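Sequence order for the protein chains is A, B and C.
Going by our numbering, the first residue of the first sequence is number 121, and it counts up by one from there.
Going by our numbering, the first residue of the second sequence is number 811, and it counts up by one from there.
Going by our numbering, the first residue of the third sequence is number 2, and it counts up by one from there.
These are calculated hints, taken from the structure and not from any lab test.
Computed from a predicted structure; not experimentally measured.
Heads up, the beta-carbon is just placed ideally off N, CA and C, and yes, glycines get one too.
Do not rely on the hints blindly, as some may be mistaken.
[What the hints assert, rightly or not] Covered stretches of chain C (in silico footprint by chain A; criterion: 3 or more residues with CB under 8 Å from a CB of chain A, positions within the stretch not fixed): (1) 90-98; (2) 176-182; (3) 204-210; (4) 247-260.
[Stated by the list, open to error] In silico lysine-lysine, PhoX-like type, Cα no more than 20 Å apart, as pairs: (5) Lys271(A) <-> Lys1044(B); (6) Lys1126(B) <-> Lys271(A); (7) Lys867(B) <-> Lys1126(B).
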Amino acid sequence: MRRRSFLPVTFLVPTLAILLVLSMVPTLYAIVIALQNRELSTPGYSWVWFSNFADLFLDRRFLNAVWVSVKWEIVTVVATMVVAIGLGVLMFEVASPRLRNIYCLLFIIPVLLPRVSAAFVWKFAYHPLYGIATYPYRLVTGGLIVDPLSKASTALFAVASVDVWQWGLFFAVIVLKLLETLPPQPIEAARLDHARRWQIHAYVTLPMLKAPLISLMFVKMIESLRSFDLIYVMTRGGPGVATETLDMYAFSQGFIESGKVSYASAMAVLMMIATVITFTMLWKRVQA
Amino acid sequence: MKSTRLAASLGAAFVLTASASTMALAQAPVCSAPVKVLAQPRDGLTLLEDSKDEFKKLSGAGFQIDYLNENDRRAKSRADASTVGNYNVYYVDEANVALFASSGWIAPLADYYPAEYDFADFDPGRQKVATYDGKVWFAPLTGGGDLMVYRKDILEAAGIQPPKTLDELLADVPKLTNADKGMYGIALRGARGSGANVWRWMPYFKAYGGKWFDGDKPAFNSDAAVKATETYLKLFKDSAPGTQTGSWDESTGAFLSGQVAILVESTPLSGMAVDPKTSQVVGKVGFLPPPAPLPGGGYGHGLAIATKANPDDASKKCAGLFVAWATSKENEKRRLDAHQFGELNRTSILSSKEFANIYGADLGQALAETGKVTAVNFWQDPRWPDLGDRWGIILEELVTGTRTDIKGSLNELEAYANELVKKK
Amino acid sequence: MRPGRLIAKAILALAGFLAVFPLVWTALNALKNNVDIITRVPRLVFTPTLANISYIIGRDSVMTGLYNSVVACGLAVLIGVVLGLPAAYAVARYPNRFAGDIQFFVLSLRFLPPVAVAIPLMVIWLQIGLYDTLPALIVTYSLLTISVIMWLAIPAFQSVPKEIEEAAFVDGYGAYSVFWRIALPVAARSLAGAIAFSFVLVWNEFLIALMLSSSNAKTLPIVASELSQQGMNVPWGILNASVVLLSLPPLLFLGVLSGFLNTVFRQKKT
Chain A
121 MRRRSFLPVT FLVPTLAILL VLSMVPTLYA IVIALQNREL STPGYSWVWF
171 SNFADLFLDR RFLNAVWVSV KWEIVTVVAT MVVAIGLGVL MFEVASPRLR
221 NIYCLLFIIP VLLPRVSAAF VWKFAYHPLY GIATYPYRLV TGGLIVDPLS
271 KASTALFAVA SVDVWQWGLF FAVIVLKLLE TLPPQPIEAA RLDHARRWQI
321 HAYVTLPMLK APLISLMFVK MIESLRSFDL IYVMTRGGPG VATETLDMYA
371 FSQGFIESGK VSYASAMAVL MMIATVITFT MLWKRVQA
Chain B
811 MKSTRLAASL GAAFVLTASA STMALAQAPV CSAPVKVLAQ PRDGLTLLED
861 SKDEFKKLSG AGFQIDYLNE NDRRAKSRAD ASTVGNYNVY YVDEANVALF
911 ASSGWIAPLA DYYPAEYDFA DFDPGRQKVA TYDGKVWFAP LTGGGDLMVY
961 RKDILEAAGI QPPKTLDELL ADVPKLTNAD KGMYGIALRG ARGSGANVWR
1011 WMPYFKAYGG KWFDGDKPAF NSDAAVKATE TYLKLFKDSA PGTQTGSWDE
1061 STGAFLSGQV AILVESTPLS GMAVDPKTSQ VVGKVGFLPP PAPLPGGGYG
1111 HGLAIATKAN PDDASKKCAG LFVAWATSKE NEKRRLDAHQ FGELNRTSIL
1161 SSKEFANIYG ADLGQALAET GKVTAVNFWQ DPRWPDLGDR WGIILEELVT
1211 GTRTDIKGSL NELEAYANEL VKKK
Chain C
2 MRPGRLIAKA ILALAGFLAV FPLVWTALNA LKNNVDIITR VPRLVFTPTL
52 ANISYIIGRD SVMTGLYNSV VACGLAVLIG VVLGLPAAYA VARYPNRFAG
102 DIQFFVLSLR FLPPVAVAIP LMVIWLQIGL YDTLPALIVT YSLLTISVIM
152 WLAIPAFQSV PKEIEEAAFV DGYGAYSVFW RIALPVAARS LAGAIAFSFV
202 LVWNEFLIAL MLSSSNAKTL PIVASELSQQ GMNVPWGILN ASVVLLSLPP
252 LLFLGVLSGF LNTVFRQKKT
């Protein structure tokens, strides 16, 4: 029906060319820098090839950062999905259409906030003396102090809770919308078989939504890579190095501590390789 | 009509009688663009912003101060200076003046500091800290040493004499802690940073005879360093909540709100402690020099002229005028009137009658005493911020308990120092 | 069943409360004097003050940040629209062998760790002398906006009923005018959602702005974080006010974005 047209060429080529340039130039340059020994404060540099990478694997803080990043990824993805499915199902079960609309609107608000704002809001809420989130604890214990952000055992979870606050609530809305798109017949059938509510969801509706839920999880895994803003504002990687993720450590090395741009870049390159390989494989899986 | 003519003739008379220098000012303003300043929050600087118009009249342009907390200010000014250099004036301190001066990021102050602002009036101790390699680099905003500030009422109730030695301090602090009643023996700094936890730790290091270097070789994993770290960690058991990841603000805040019995901190605390505007413990506070053999940590912060953002002489002059005006006698007088004890640096102000009226003779006495034990504790070298910050992170790990191996930690630091030394 | 439902409703209500209360509390704190914030027992009743808000609005750095944010985000989104929408349309309507690869390429840009982009770009901008300028930020953000707008606009164009476009061709419209006069207007609602989303994304962006600016090109999130990192002696009310100011623009899009979500899932149903 459509006549041959140059439209795809004129519409696609410039955009793709620009995207390619904008993404490949920094990516390749990151690799180049990683093979040198550039520092911010000294203009000269030389090629050191793979010695930055070799140093990384002897660097205690780097290995710690890898572990913290993995922990962060697992904690936030799992918690987000649990919260999202839990609240989504609850809304589906007990909320009237009007209430659902109100909840949907409320649950989208946190994710719209700049991460910096969200981080600050909660940082102050977790303040040991004046925080609103630590107030119930002070009230119940008669004034005892709890400081979740400065305890190594709790800091990561305290920061992760903000991530889940933003994404878990937002995904709950999507889970609800997904549930609403399901045909009612299988649910009715299960109900006639006297299945309990939770059984219906566990064995009927959620398995039916397996594909979109996996996609959702995939999106969350990508977004969880962006933990920097929260950690930068709330803990700076502390206490000690308990919440120092890879991007936080790369930033400290590149800026805060010593301006070792090449060393930071080597780290970024490793992150890039790891994420691109992992997510490409996952994506192929999800698509298949 | 009449009034404009009057104004005009008055104006003419003024121009006629004005001195040559003010005429030059009126003809060609010193500054052509607003002075951009990168600083850390200081009450004195906030107060300065109220007099923006005065500076505008003087120079022909305004100024804009961006504030960052101490660690960030250090990192950011270093990043800015080593890259684009978009700030005209940097806030520098004792710890990074060597780095900034030797890297050529700041200009010698004397060349651009107008003589009428009387640099010699600054306290000699402050001047000394601002000097590196024989030249003065910044005009002081704050500075001093350490002072032991303690609660007379709490110590009396516990039947304890104010500790005169470190051993007495170590024995007294646990006895003074009463966590159920929200009272803690001491408050230290736990947050990372060469100017934060490392700063508070250094006096113990020095007190036990620690040295940064043995000749050319780093000597951090010495017995002195181990002992100092053990002592510091032991004292932390009785340190007020929030200080494990806190610094100056947290520990002084805890003292001023009445939760701490003894505090060894930088001298501005003493002024804050006797001022009802900032303190809830007025009248219950005593001062003494730090328990022997703890040396006081001599320090000084101030404003310096950036080189990159001020490529020519004219712009350096403008920045110099700002630095001079911001630290002028008039502005220090304003700070004294606003009871900003920590922001006073000029001999003429510190020895004025108003000062004695506000802060009393006791404090003056204690300040003079503590001046004798004030020392430079850190390694005076451009590489100090690097090394200090690295130790800061490790020390924070030790303080928050994510790490327990003191000797291993110090070995790691030594390895890092060896690398730093090798590089140069 | 009854108590179960009650508990479920209570949990939902609690979640709804948790979603907004921290924000409301922040807004309240923005109206408080410091004495009303630094209290062991949170204060709900207090004498409100506008001092914090007027301080924030009166500060040069905040106004510069606001200006930078508006210009950088606005222009980056504009570039994203101009380049992203046509490309998305071409992928959606002119299937070719590479359509799948193109879509994956666009998505894969999201896998790139922001540090991995920011570090080399910083060195590059420094070398060309554009570090700490708005153009550098705009170009960098364009990578984000183009890819996000493209990614979201492809399904939006696909959901335009094919018959309308076919009819237009029969009426003698050319390929370009079909895009302009038919596809764009019909898909406008979803496209608006996609554009709003990309705006929120770059408005909220922090790490890249932090690494690519020093003083002249600082965006509002950077200024706000600087205000919030000053330490304990800082008036908390001012910090809260700056957070409120920073958060308002994205919230303005709440309506558009929730409408966008609805249309996306209505399409899935059919």
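Cross-check of the supplied hints:
1. 90-98: holds (count 5)
2. 176-182: holds (count 3)
3. 204-210: With 4 residues in contact (Cβ-Cβ under 8 Å with chain A), the coverage given for the segment 204-210 of chain C holds.
4. 247-260: Answer holds; 8 residues pass the 8 Å Cβ test.
5. Lys271(A) <-> Lys1044(B): The given pair, whose Cα atoms are some 18 Å apart, holds under the 20 Å limit.
6. Lys1126(B) <-> Lys271(A): The hint is violated at about 47 Å.
7. Lys867(B) <-> Lys1126(B): Given pair Lys867(B), Lys1126(B) holds - Cα atoms ~18 Å apart, limit 20 Å.
In summary, the structure is inconsistent with hint 6 from the numbered list given earlier, while agreeing with all the others.
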